[in-house]
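Colleague: For reference, the chains in residue letters:
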Amino acid sequence: MALETTVERAEGRVPITIVALDGELDASNFEGLTAAVRDLYEQGTRQLLLDLTDLRFMASSGLVALHAIVRIMHGEAAPDADAGWNALHTVGLDAASGSAQTEVQLCGVQPAVQRVLDRTGLSRLFVTHPDRATALAAF
Amino acid sequence: MPAARHRLRIPAALDRVADVRALARSVTDEIGAPQVCVDDVVQAVDEAATNIVLHGYRGRAGWLDVAVEREGDRVVITIEDDAPPFDPTAHPEPDLTIPADRRRPGGMGIHLIRLAMDAVAHRPRPGGGNILTMSRTLDPRPMEER
Chain B
40 MALETTVERA EGRVPITIVA LDGELDASNF EGLTAAVRDL YEQGTRQLLL
90 DLTDLRFMAS SGLVALHAIV RIMHGEAAPD ADAGWNALHT VGLDAASGSA
140 QTEVQLCGVQ PAVQRVLDRT GLSRLFVTHP DRATALAAF
Chain Z
2 MPAARHRLRI PAALDRVADV RALARSVTDE IGAPQVCVDD VVQAVDEAAT
52 NIVLHGYRGR AGWLDVAVER EGDRVVITIE DDAPPFDPTA HPEPDLTIPA
102 DRRRPGGMGI HLIRLAMDAV AHRPRPGGGN ILTMSRTLDP RPMEER
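Line order of the protein sequences matches chains B and Z. Position one of the first sequence corresponds to residue 40 (this note's numbering), numbered consecutively onward. Position one of the second sequence corresponds to residue 2 (this note's numbering), numbered consecutively onward.
Bound-form chain B, shown alone:
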C-alpha cells in the first residue's frame, strides 16, 4: 500500500494546514512526505495538523520524517535522513523533560502508530487529539 497525502486548509484562531495521511509511512516514502511539508512551509504554512486517522502503519523512518517536519515548521532546514535524530536539537526542543512543541500537532493516531511513538519516546513531542474537530478547536 502506498501513502496518499491530502492537503486541506482550515481557519481556527490561526490558519491551519491539515495534511491527512492514508496508507503506510515507510522507508520508501518518508522523504516524499518531508518534501511535501517543506513545500507547504515555503507557501506560508505555520500551523500544521497531521491527521493520521487513515495511517495504518508507521516505520521507524516515519519517526525521522516527523522530526524533520518539526524542524521545517520551525524554520530550520530539513535534515537529511541520517541526521534525522538531530532535528530536535536544532529547534530547541527538550524531549527529555517532556515539553511538546505546538506548531505540528497530531490527530486520529491509530493504536499501532501510537505504540511506535510511545516505544521511541516520540509521543512526548506532540500534542495529540482524538480527532480532527477536536484538534482544530485546540489550535
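In short, the hints are calculated from the structure, not lab data. Cβ atoms here follow ideal geometry from the backbone N, Cα and C, with glycine treated the same way. Any given hint could turn out to be false.
To list a few chain Z residues with every Cβ distance to chain B over 12 Å, as calculated [unchecked claim]:
no.: 1; residue: R10
no.: 2; residue: E72
no.: 3; residue: T90
no.: 4; residue: S136
Simulated coverage check for chain Z against chain B, where a stretch passes if three residues somewhere in it have a Cβ under 8 Å from a Cβ of chain B [said to hold, decoys possible]:
no.: 5; segment: 16 to 29
no.: 6; segment: 36 to 50
no.: 7; segment: 111 to 124
Use these hints to put chain Z onto chain B, whose structure you have.
Modeller: Chain Z alone, transformed into the frame defined by chain B:
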C-alpha cells in the same frame, strides 16, 4: 490442519518492503492472531527487511526470502538474504533516556523489533548471506504489559 506458512521473495528494494508487510498481515490474520500481535509482526518484518536493504545490500541488487509461519503458540518470521554479513542484533540498544538529539540515527528499527518480538536471532547463511529469525507469542498484550 497444516500450520499456516507463507513464503515470499522480493528484490532488495525499499518500495517492495510493503509486500512483506502484506505477507505478515495475511498469515497473522489467517491464524486469528490478536491485533497487537499482528501489528508487532508487521512492524518487525518491516524494520528487519528495511535494515537488510539499507545496511546489508547498501544499494546493491539482491533478494530477500521471507517466511512467516505459526509454530505452536508463536509466529515465526525468517528472513534470508545473500548480502554481506549484517547482524542487526549486534547493534546496541538506544538509550531512550538520552535526549533525542544525541541519539544515533537508525537505531530505532532494531529497538522497535526488540519491543515487538520475544526472540531475535541472527546466523550466517550457509554459502553466504544472513538468516534472521524472529518470533513472538500470540499473547494479545503488548510487551510493555507482560
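Colleague: For which of the previously enumerated hints does the structure constitute a violation, in increasing order of number?
Modeller: No hint contradicted; all consistent.
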